[in-house]
Amino acid sequence: SAVISQKPSRDICQRGTSLTIQCQVDSQVTMMFWYRQQPGQSLTLIATANQGSEATYESGFVIDKFPISRPNLTFSTLTVSNLSPEDSSIYLCSVWDPGLTDTQYFGPGTRLTVL
Amino acid sequence: AQKVTQAQTEISVVEKEDVTLDCVYETRDTTYYLFWYKQPPSGELVFLIRRNSFDEQNEISGRYSWNFQKSTSSFNFTITASQVVDSAVYFCALDSGGYNKLIFGAGTRLAVHP
Chain H
33 SAVISQKPSR DICQRGTSLT IQCQVDSQVT MMFWYRQQPG QSLTLIATAN QGSEATYESG
93 FVIDKFPISR PNLTFSTLTV SNLSPEDSSI YLCSVWDPGL TDTQYFGPGT RLTVL
Chain X
2 AQKVTQAQTE ISVVEKEDVT LDCVYETRDT TYYLFWYKQP PSGELVFLIR RNSFDEQNEI
62 SGRYSWNFQK STSSFNFTIT ASQVVDSAVY FCALDSGGYN KLIFGAGTRL AVHP
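In the order they appear, the protein sequences are chains H and X. In this text, residue positions in the first sequence follow our numbering: the first is 33, and each later residue adds one. In this text, residue positions in the second sequence follow our numbering: the first is 2, and each later residue adds one.
Since the hints were made in silico from the structure, they are not lab data. Some clues are possibly wrong.
The calculated DSSO-like cross-link candidates involving lysine-lysine, where the alpha carbons are at most 30 angstroms apart (straight line), are [unchecked claim]:
# : chain 1 : residue 1 : chain 2 : residue 2
1 : X       : 39        : X       : 4
2 : H       : 97        : H       : 39
3 : X       : 4         : X       : 71
4 : X       : 71        : X       : 39
5 : H       : 97        : X       : 4
6 : H       : 39        : X       : 39
All chains should be modelled from the sequences, with the hints used to inform the complete structure.
Dropping the structure here:
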């Protein structure tokens, strides 16, 4: 299965600032995704990070707030802009691995706290 | 609309008890995939199983077993002889249409006490 790393693992940010989260995969993958898990809640898909083109956002998420880059098949970034306390969540990167298990794996997550 | 319902918010059992976590899904697609993930206190999401809509065979993996029933739109997960290390939040998820976009249930928090 693909091995996924995220940086930073956690951060505390001030209101109004931005945080960029990096996701690195140890193999080339076609599809990468970003999910949000608000405190005590389930996971919600933010967007699909497309290599070489703009990300595809789910309802309720917009590019101005969550700009995403996907410069190659092993790397993506998610920026959470103009932070407010409501953005305090765990942000998880996910990849679809079409190999033996043909399934989705998740990174360890980035825990963001906004003061 | 696609939806996953995990009606059990929290379950508490004593070690060695068997426990079943329920998952009910909604979709109009004929092709879909169902998943179970485990999220231990450390926070990472651990993949447990993926099942496609055309395969209704039940699956057993060690102490874990899954019962997929299309007639009731359910994909239940049973842990036999539970252990303290099984304590975690368990999520059921649906990929409707095979687009790799997962819809998660609310999760069930399982506490296994010694």
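message = Hint by hint, where does the structure go against what was stated? Just the numbers, ascending.
response = none
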